[in-house]
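With these hints in hand, go ahead and build the complete structure from the sequences.
Protein sequence lines, in the order shown, are assigned to chains A and B. Here this note's numbering is used: the first residue of the first sequence is 28, the next is one more, and so on. Here this note's numbering is used: the first residue of the second sequence is 28, the next is one more, and so on.
What the hints contain is simulated information worked out from the structure, not anything from laboratory work. There's no promise every hint is true.
You can't tell identical chains apart in this list, so a pair holds if it fits in one copy or across any two.
Below, simulated DSSO-like cross-link-like pairs (lysine-lysine); rule was C-alpha separation at most 27 Å, straight line [said to hold, decoys possible]:
#, residue 1, residue 2
1, K282, K336
2, K282, K326
3, K369, K282
4, K282, K424
5, K299, K424
The primary structure of each chain is shown beneath.
Protein chains: 2
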Amino acid sequence: MTEAADLRAHFLDEVGRRVGDVEIVTGAACATRYRDPFALVPSAGAEAAIRPGSASSVQAIVQIANTFGAALWPISRGENLGYGGAAVSDKCIVLDLMRMNRILEVNVPDGFCLLEPGVSFVELFEHLEAHDIPLWLSVPGYGLGSVVGNALERGVGNSPYGDHAAQICGLEVVLGNGDLIRTGMGALSGSGMWQRQKTALGPRLDELFVQSNLGVVTKMGLWLMPEPEASVVVDVEIEERETLGACIEALASLKRRGLLPDAPVVSNYLTKAALVSRRSDWIDGSTPLDVSAIDRVRKKLGVGWWNAKIRIYGLPTVLEIALHSTLEAMRQLPACTCTVSKWRRGAPKHLAPRGVPSGEGLVNSRWCGSTGAHIDFAWTLPLSGAEVLRNSTEMEKKLFATGLDYHSSFYVRDRHVLNVVQILFDQQDSGMCAAIDALYLSLIADAARDGFGMHRVPLRYRAHAAEMFGFGGHALAQCRERLKQALDPNGVISPTKASSTEKV
Amino acid sequence: MTEAADLRAHFLDEVGRRVGDVEIVTGAACATRYRDPFALVPSAGAEAAIRPGSASSVQAIVQIANTFGAALWPISRGENLGYGGAAVSDKCIVLDLMRMNRILEVNVPDGFCLLEPGVSFVELFEHLEAHDIPLWLSVPGYGLGSVVGNALERGVGNSPYGDHAAQICGLEVVLGNGDLIRTGMGALSGSGMWQRQKTALGPRLDELFVQSNLGVVTKMGLWLMPEPEASVVVDVEIEERETLGACIEALASLKRRGLLPDAPVVSNYLTKAALVSRRSDWIDGSTPLDVSAIDRVRKKLGVGWWNAKIRIYGLPTVLEIALHSTLEAMRQLPACTCTVSKWRRGAPKHLAPRGVPSGEGLVNSRWCGSTGAHIDFAWTLPLSGAEVLRNSTEMEKKLFATGLDYHSSFYVRDRHVLNVVQILFDQQDSGMCAAIDALYLSLIADAARDGFGMHRVPLRYRAHAAEMFGFGGHALAQCRERLKQALDPNGVISPTKASSTEKV
Chain A
28 MTEAADLRAH
38 FLDEVGRRVG
48 DVEIVTGAAC
58 ATRYRDPFAL
68 VPSAGAEAAI
78 RPGSASSVQA
88 IVQIANTFGA
98 ALWPISRGEN
108 LGYGGAAVSD
118 KCIVLDLMRM
128 NRILEVNVPD
138 GFCLLEPGVS
148 FVELFEHLEA
158 HDIPLWLSVP
168 GYGLGSVVGN
178 ALERGVGNSP
188 YGDHAAQICG
198 LEVVLGNGDL
208 IRTGMGALSG
218 SGMWQRQKTA
228 LGPRLDELFV
238 QSNLGVVTKM
248 GLWLMPEPEA
258 SVVVDVEIEE
268 RETLGACIEA
278 LASLKRRGLL
288 PDAPVVSNYL
298 TKAALVSRRS
308 DWIDGSTPLD
318 VSAIDRVRKK
328 LGVGWWNAKI
338 RIYGLPTVLE
348 IALHSTLEAM
358 RQLPACTCTV
368 SKWRRGAPKH
378 LAPRGVPSGE
388 GLVNSRWCGS
398 TGAHIDFAWT
408 LPLSGAEVLR
418 NSTEMEKKLF
428 ATGLDYHSSF
438 YVRDRHVLNV
448 VQILFDQQDS
458 GMCAAIDALY
468 LSLIADAARD
478 GFGMHRVPLR
488 YRAHAAEMFG
498 FGGHALAQCR
508 ERLKQALDPN
518 GVISPTKASS
528 TEKV
Chain B
28 MTEAADLRAH
38 FLDEVGRRVG
48 DVEIVTGAAC
58 ATRYRDPFAL
68 VPSAGAEAAI
78 RPGSASSVQA
88 IVQIANTFGA
98 ALWPISRGEN
108 LGYGGAAVSD
118 KCIVLDLMRM
128 NRILEVNVPD
138 GFCLLEPGVS
148 FVELFEHLEA
158 HDIPLWLSVP
168 GYGLGSVVGN
178 ALERGVGNSP
188 YGDHAAQICG
198 LEVVLGNGDL
208 IRTGMGALSG
218 SGMWQRQKTA
228 LGPRLDELFV
238 QSNLGVVTKM
248 GLWLMPEPEA
258 SVVVDVEIEE
268 RETLGACIEA
278 LASLKRRGLL
288 PDAPVVSNYL
298 TKAALVSRRS
308 DWIDGSTPLD
318 VSAIDRVRKK
328 LGVGWWNAKI
338 RIYGLPTVLE
348 IALHSTLEAM
358 RQLPACTCTV
368 SKWRRGAPKH
378 LAPRGVPSGE
388 GLVNSRWCGS
398 TGAHIDFAWT
408 LPLSGAEVLR
418 NSTEMEKKLF
428 ATGLDYHSSF
438 YVRDRHVLNV
448 VQILFDQQDS
458 GMCAAIDALY
468 LSLIADAARD
478 GFGMHRVPLR
488 YRAHAAEMFG
498 FGGHALAQCR
508 ERLKQALDPN
518 GVISPTKASS
528 TEKV
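Encoded structure:
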């Protein structure tokens, strides 16, 4: 046994002996479960995982880890596919919170819930359904992931509540030093206000635990959207690639006039194609889809080069006005078709444009065949049609030059645009994997050169992406390092996660 | 010279010698300027103040303070009247940022500005006016205060942007240890996204510097409201005290239906009375206004017992619908009168319900005469008519029992209600001042017993209010103390501000 393995075995023994409600997983079962299923570079997977059943067990484990100098890698459910899945850094022991899956509270009039990290989108949805609770979810592409984990990594959905981290209201956290805190009004014992107000006296700490390694979140309050009286969805099919700029401008203008509280999303033809077909259905060999293949895809599947989805919620009368303005704006775009779907409270729920989580989100990873996978590049751009079009064109060129298809979605927010590019590839093509690995690094550097930063990034590129935030001799990174030292002096929680010093 | 005075003199000498752009104030001019003009217990005022002209001067001063072990008390302009003004803790040297008053950027399409802390609401307003910039401010009662300072202390205004701290997007901060950081996209050198997205990769730190003593904010990005196409204001005069509960419920319902993005405010008769008259106009002696005096006030000034102000902004057609629903809801309240004021873009701006800062906010402090003052009690309640009414009645009873009038405003937010009670008093009545001092402490404890916490609190009561957040053996306070140690190890910035251990 190596010294490290020896230490790990002792640590796990101690955890098994002292912590009541815990499962420990090692060996092949562990290595297979805890790894990035979509990794560009195959890795061995984790050597050990601990599955606590309660916050007090988490606290005990973190305290023991401090004694042993063990490093833990908390995951809620480890399903952040496209961003590293359950991949952990070297030597870390997975702290898998999936067994902590209680829905502790759902409040209807005030629209919030209090969750443990193991609750999946599907479980929360089924709970709301079973109890006929008129609150709507905002869901990411893959519904088996954790609601808490997704919010903590700034996942997004399609609804006015689609910026999931922005809906966080009150946390319970086991800090790296083993202390257990409740943030905001949660620190006022017995208060019913914990999930009702985001701030209390003094600095708000919730955001400190987002995309962070300062502690383990064991409970999260989250605001949910009350069922609206009605809704309307406008699907806009856009024929020409170059119309993206005008479309973004039109949506920005509608948002600035207060007509679209939602973040409308504009995606290209591949979003649908990758869900319902494989690339081998359209083209031979491994070159990117060419113009004629793209034409075939679009004709066969009936999708535009770009497809905008605009959701509006509220009073039926208000919706009609917003719809009128939206259609007026969209119809000024060249060569586009609008389809309108309406829903009113009382109509069948399955027709409502609410977030319905699905385990099918994995499907599009099969675009390149049964060993297909994807890795996502999520970054932000200004709320400017010209800038978005220019950057989209550049990105497409770089992907094509690497032999990749272009799969891209733009979320139009109040003051910026979030762009998520899914890089779809075949995991067995090791040459392509190496090319993507190099491409990803260069995309991050190119973005930074133009003043743009990453929104969310797989573990493998985290340090490289963080490195770009270099103002004042990396003063912000040093500040974060001081915060890390303060709350996790022995570095037991995901020690390499926030660092800008460790490179790929 | 005492040892402390000696140290201070040496520190000031060193600052004067080494920092280029700085003014140093001591003696009577300092003591008079830097104190709480509305203090319940008279204090001597500060013994020294430093007024730097730039962020690099701030940084140099903080670095020198670290060397000397000097304690600084940063104020933006020190005009947070009702919450302690420019009062500083014992031995602290005021770091007055008023000279740093540049408006560094105003962006119209994306609705934001970048400010130094010395910019007042009046100055920002005049800048927007002078350049005919179609962005509206949200302003507090007193317009000579700092925009930055107000947001940092969670000040509020009447507009959809009225939660000022929530509009913060990107900070430049000199940490207690002397490092200068830029948060969010500001750390990506040359990025234009600093004020366009609140989050970048990793934890968001902006909220860490709100109601905080971890650093000195030297630049702040703030989102501003684009001028709407139209607006409508509904003033609701409510005759009966007990109707407050039904009014809050009705407003909550309108908000839940998405019709009122603004936080409507419900204030009692004294809000207007204190602005336009003095208590001696209505009653002799020092007993609280009685029923007949309140009747006289209301008849003469034409105000309700409660007065709700509801502002709606947007497209004229949408406004009509929101107005219709609002009037329908309000007219179901017993004994109330609605007055509607409309504005459309192009109509005279002075008729628009935008935030116009005023230096007149001080006037209501004169309610108790020329030596009148006020101290504010700002706390949060659930979004429930019954709870709000019950707590309002209790509060009024406690104030009356102390011989005070009841001046109260309720801001109806998405999931809770913010209640600001202005305690108006005569500073020369030392018996009353002592009674208010005791009352304030008991009000904080009573609120905590019922599960409610303070929103903002004068320095004098900060430790007592913080003490209420005791979950897990004051684990949150200990966490904040660790953060303080990390970013300000020598305790040079407002050392007693966040502590829950130092008592009044």
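Results for each hint:
1. Taking the shortest Cα distances, K282 and K336 sit within 27 Å of each other both inside one copy (14 Å) and across copies (26 Å).
2. In the homo-oligomer, the alpha carbons of K282 and K326 never lie at most 27 Å apart, since the shortest distance is 31 Å inside one protomer and 45 Å across protomers.
3. For the identical chains of this complex, K369 and K282 are neighbours both inside a copy (20 Å) and across copies (23 Å), given an alpha-carbon limit of 27 Å.
4. Taking identical chains as interchangeable, the C-alpha atoms of K282 and K424 are never at most 27 Å apart, the minima being 30 Å within one chain and 47 Å between chains.
5. Taking the shortest alpha-carbon separations for K299 and K424, only the intra-copy value of 21 Å comes in at or below 27 Å, while the best inter-copy value is 64 Å.
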